[in-house]
Amino acid sequence: DQQVKQNSPSLSVQEGRISILNCDYTNSMFDYFLWYKKYPAEGPTFLISISSIKDKNEDGRFTVFLNKSAKHLSLHIVPSQPGDSAVYFCAASALGNQFYFGTGTSLTVIP
Amino acid sequence: DAGITQSPRHKVTETGTPVTLRCHQTENHRYMYWYRQDPGHGLRLIHYSYGVKDTDKGEVSDGYSVSRSKTEDFLLTLESATSSQTSVYFCAISGTNRRNTEAFFGQGTRLTVV
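In order, the protein sequences belong to chains A and B. Going by the numbering used here, the first sequence opens with residue 62, and the numbers climb by one from there. Going by the numbering used here, the second sequence opens with residue 11, and the numbers climb by one from there.
Just chain A, with the same shape it has in the complex (with noise of 0.2 Å):
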């Protein structure tokens, strides 16, 4: 069963504007959650993580928001470039680092 899961496959923003990526997790046990980009033929590659003891982490222009009473997470990139297109996955991790992901959502922003 999933634990972490990304309900939306792919979203399209135009260049300049908010890209918001979704993130819903079910397991209480997750205290670490982390933002991953991937582009064809790479490997992930990190991007921003937040801790549960935090709701909000800021890296330049992408920001996480935690909100834990919803088990729920969102990246928003402010604004979108071209070089935001990628694939984005969200993860989570628990006592014994293990990280669990989600399936990915396709971003693509538009010039």
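Hints were generated in silico from the structure; no laboratory data involved. Quick caveat: nothing in here was measured; it's all calculated off a predicted structure. Treat the hints with caution; some may be incorrect.
To be verified - Simulated restraints, written as ranges between beta carbons of each label pair:
hint, chain 1, residue 1, chain 2, residue 2, range
1, A, Y100, B, V124, 19 to 29 Å
2, A, I171, B, T23, 32 to 42 Å
3, A, P172, B, T25, 23 to 33 Å
4, A, S130, B, T92, 41 to 51 Å
5, B, S75, A, I79, 41 to 51 Å
6, A, I114, B, E37, 38 to 48 Å
7, B, K80, A, P70, 31 to 41 Å
8, B, D64, A, I171, 39 to 49 Å
9, A, T106, B, P18, 19 to 29 Å
10, A, P140, B, V22, 39 to 49 Å
11, A, K129, B, V124, 38 to 48 Å
12, A, S71, B, T25, 40 to 50 Å
13, B, S93, A, S167, 39 to 49 Å
For each residue, glycine too, the CB sits at the ideal point set by N, CA and C.
Following the hints, put chain B in place on chain A, whose structure we already have.
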């Protein structure tokens, strides 16, 4: 790149043959992982290791075994490859001695079982 090398990068093999994929790291990270990526399933954990000779199963471990005899090497073996094991396999590493650190991924191995 975080000092992770996967080999081979591509492999075609026949059903029923054994296959071993290798992951080598130069970062001295404690944790090593094998994932497979399939359309509609994202990245799923096969096995992971938390130290030399210390391994555990992930979500989709059936048909796979692993070994870690040195800190830097983590091997994934398909004892008898099946077509359902056609996938892209990623190795990842994380952690030194603290929790809640990100995982770094290798470039992937594309395995085709015919």
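Broken hints, by number: 3, 6, 12 and 13
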